[in-house]
Every structure is written in structure tokens, then in C-alpha cells.
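Chemist: Sequence:
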Amino acid sequence: MHCFVTIAYRLVPSSEPNSHPLQCNAGCIDAARQALSTIVRGSQTLGQRNLLGWTRFLNILFSLVPFASFVVLAGNTVASSSAEDLALLSAAIAAIEPIATSSLPGKKLYAACQSFYQFSQLAVARQATFADQTLVSDHGPEVPFPTSLGPPQSTVSYEHVMAPQDWDTVMNELDLDIGVGAMASFLEPYIPFDALLP
154 MHCFVTIAYR LVPSSEPNSH PLQCNAGCID AARQALSTIV RGSQTLGQRN LLGWTRFLNI
214 LFSLVPFASF VVLAGNTVAS SSAEDLALLS AAIAAIEPIA TSSLPGKKLY AACQSFYQFS
274 QLAVARQATF ADQTLVSDHG PEVPFPTSLG PPQSTVSYEH VMAPQDWDTV MNELDLDIGV
334 GAMASFLEPY IPFDALLP
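First residue of the sequence shown? That's 154 in the numbering used here, and the numbers climb one at a time after it.
Hints are computed from structural coordinates only; laboratory data are not their basis. In this text, all values refer to a predicted model and were calculated from it rather than measured experimentally. There's no promise every hint is true.
Stated by the list, open to error - Straight line, CA to CA, 25 Å or less: simulated SDA-like cross-link-like pairs of lysine to any residue:
#  : residue 1 : residue 2
1  : Lys-261   : Leu-239
2  : Lys-260   : Ala-281
3  : Lys-261   : Ile-246
4  : Lys-260   : Pro-174
5  : Lys-261   : Ser-216
6  : Lys-260   : Ala-240
7  : Lys-261   : Ala-247
8  : Lys-260   : Gln-271
9  : Lys-261   : Gln-201
10 : Lys-261   : Leu-214
11 : Lys-261   : Gln-274
12 : Lys-260   : Ser-243
13 : Lys-261   : Arg-194
14 : Lys-261   : Arg-186
15 : Lys-261   : Glu-250
16 : Lys-260   : Ser-216
17 : Lys-260   : Asn-178
18 : Lys-261   : Phe-215
19 : Lys-260   : Arg-186
20 : Lys-261   : Ala-179
21 : Lys-260   : Phe-272
22 : Lys-261   : Ser-243
23 : Lys-260   : Ser-172
24 : Lys-260   : Leu-205
25 : Lys-261   : Phe-210
26 : Lys-260   : Ile-160
27 : Lys-260   : Gly-195
28 : Lys-261   : Pro-219
29 : Lys-261   : Phe-272
30 : Lys-261   : Phe-283
31 : Lys-260   : Leu-217
32 : Lys-260   : Gln-280
33 : Lys-260   : Val-165
Said to hold, decoys possible - With beta-carbon atoms standing in for the labels, derived distance ranges:
#  : residue 1 : residue 2 : range
34 : Pro-174   : Phe-283   : 16 to 22 Å
35 : Val-165   : Thr-198   : 17 to 23 Å
36 : Ser-168   : Gln-280   : 21 to 27 Å
37 : Glu-237   : Phe-283   : 18 to 24 Å
38 : Pro-166   : Glu-237   : 19 to 25 Å
39 : Ala-244   : Ala-278   : 30 to 36 Å
40 : Ile-213   : Ala-247   : 17 to 23 Å
The beta carbon of each residue, even a glycine, is placed where N, CA and C say it ideally should be.
When you get a sec, could you build the whole thing from the sequences and use the hints?
Modeler: Following this line, the structure appears as C-alpha cells:
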């Protein structure tokens, strides 16, 4: 249920002014957290008692509902550098690990989630590094750098949606036996895009 709510709220733009391009509406983020928390709790109960049943449940769940909750929370983790969300992503990866051995699409979904998690982990670590950057002077106490070493300001223009040839490049490794156009129309609604098209 929370997975569907995440998808529905994904259509609502972020209410925060000047929000990060990867940040969704607060309701969408909360629904994504609830969805992943529910999957983690299910893994801790059903997954511990009956691994085969848990694996079948995950296969049915992901065949019926896109795993948008993971993508939404990974984007929010990058945007907000939230250690709590990063921990939830890690727990969710551990919870869905059984599908990696059950089927090829399950293995690919698991690998994609791992990639999103690793990207989020690097972004959080990078943000923490920028926050801790100080210059040590030879003759005195630590002094902050005179120039900002914060994350680069968003200079990327978000006015172009990915072209089919871009999807070919991105999706070479993630082949689910469907065409690039079908994959693009499936994924693009979940990619934050707040710019106006010409």
C-alpha cells in the first residue's frame, strides 16, 4: 500500500522553495520510508521463519508494484544527507537480498538498488567531508577555508529529458527483456523533473 502511495505522491511537486532536484514532496518521502520500513519488518518476521515464502512474496510484490520507494528515498538521502535514511536503505537492501538468487529480474533489481545505495552512501560521505573541511594554520588555531568547499551549486540545466540514446547508454547493464522506450516510459515518471519544457 505504501508503495502505491509513494507513486501517487511522486506526482506532487516538492513544496519547499529551491528544493534539491532529487527531493520529492514530504508526503512522498514519508510514504517511501513507511514502505521500506514495512519491507524490513516483513523480512525480520516472515523472512526469518520462511525464506522461500519471503522470496516468493518479494517476487510477487515487485512484479505488481514498481520499487519507486527505494528510488525516492535514495534521492532524498542524496539531497538531505540523512544518515537515518541511509541506514533504512541499507536495511532494505538486506531485506530484499533473497530475490537476487531467485530470478534474473530479481538479481537485476537487487543490483540496481545496491547501486542506488552506493551512490547515496558516497553522496552522504562527500557531504560529511565538505562539512568537516578546515584549514590548519602553522601559527594558530584552525581557521575555516576562505572559499566555500561545499557541494557544487546546481549548474546543470534540467530542461532536457533523457533522449532514447541516453537510455541506451544507461540501460545497457540493466536488461529486463523489454525495450528501451518501454523502460524510459516506466522510469521517467519517478525521476524528479521540475523544470518547464519549452
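Chemist: Does the alpha-carbon distance linking Lys-261 and Gln-274 stay inside the 25 Å limit?
Modeler: Given that 25 Å is the threshold and the Cα spacing comes to 20 Å, the pair holds.
Chemist: Does Val-165 sit within 25 Å of Lys-260, going by the straight-line distance between their CA atoms?
Modeler: violated (31 Å)
Chemist: For the range 19 to 25 Å, tell me whether the beta carbons of Pro-166 and Glu-237 fit it or not.
Modeler: Because 24 Å falls inside the window, the suggested range holds.
Chemist: Could you grab the alpha-carbon distance between Lys-260 and Ser-172 and see if it respects the 25 Å cut-off?
Modeler: violated (33 Å)
Chemist: Lys-261 and Arg-186: Cα distance at most 25 Å?
Modeler: This hinted pair holds, its Cα atoms lying about 22 Å apart.
Chemist: Please verify whether Lys-260 and Ile-160 have alpha carbons no more than 25 Å apart.
Modeler: holds (23 Å)
Chemist: Would you mind confirming whether the straight-line C-alpha gap from Lys-260 to Leu-217 stays at or under 25 Å?
Modeler: Within the cut-off at roughly 17 Å; holds.
Chemist: Given the hint that Lys-261 pairs with Pro-219, does the C-alpha gap stay at or below 25 Å?
Modeler: Cα-Cα ~13 Å, so holds.
Chemist: Mind checking the hinted window 17 to 23 Å against the Cβ distance between Val-165 and Thr-198?
Modeler: Cβ of Val-165 to Cβ of Thr-198: about 32 Å, so the range 17 to 23 Å is violated.
Chemist: Has the hinted range 17 to 23 Å been met by the Cβ atoms of Ile-213 and Ala-247?
Modeler: holds (20 Å)
Chemist: Given the hinted pair Lys-260 and Arg-186, is their Cα-Cα distance within 25 Å?
Modeler: With Cα atoms ~23 Å apart, Lys-260 and Arg-186 stay inside 25 Å; holds.
Chemist: May I ask you to test the hint 18 to 24 Å on the CB atoms belonging to Glu-237 and Phe-283?
Modeler: For Glu-237 and Phe-283 the Cβ distance comes to about 20 Å; the hint holds.
Violation of the numbered hints given earlier is confined to hints 2, 4, 17, 20, 23, 30, 32, 33, 35, 39; the remaining hints are satisfied by the structure.
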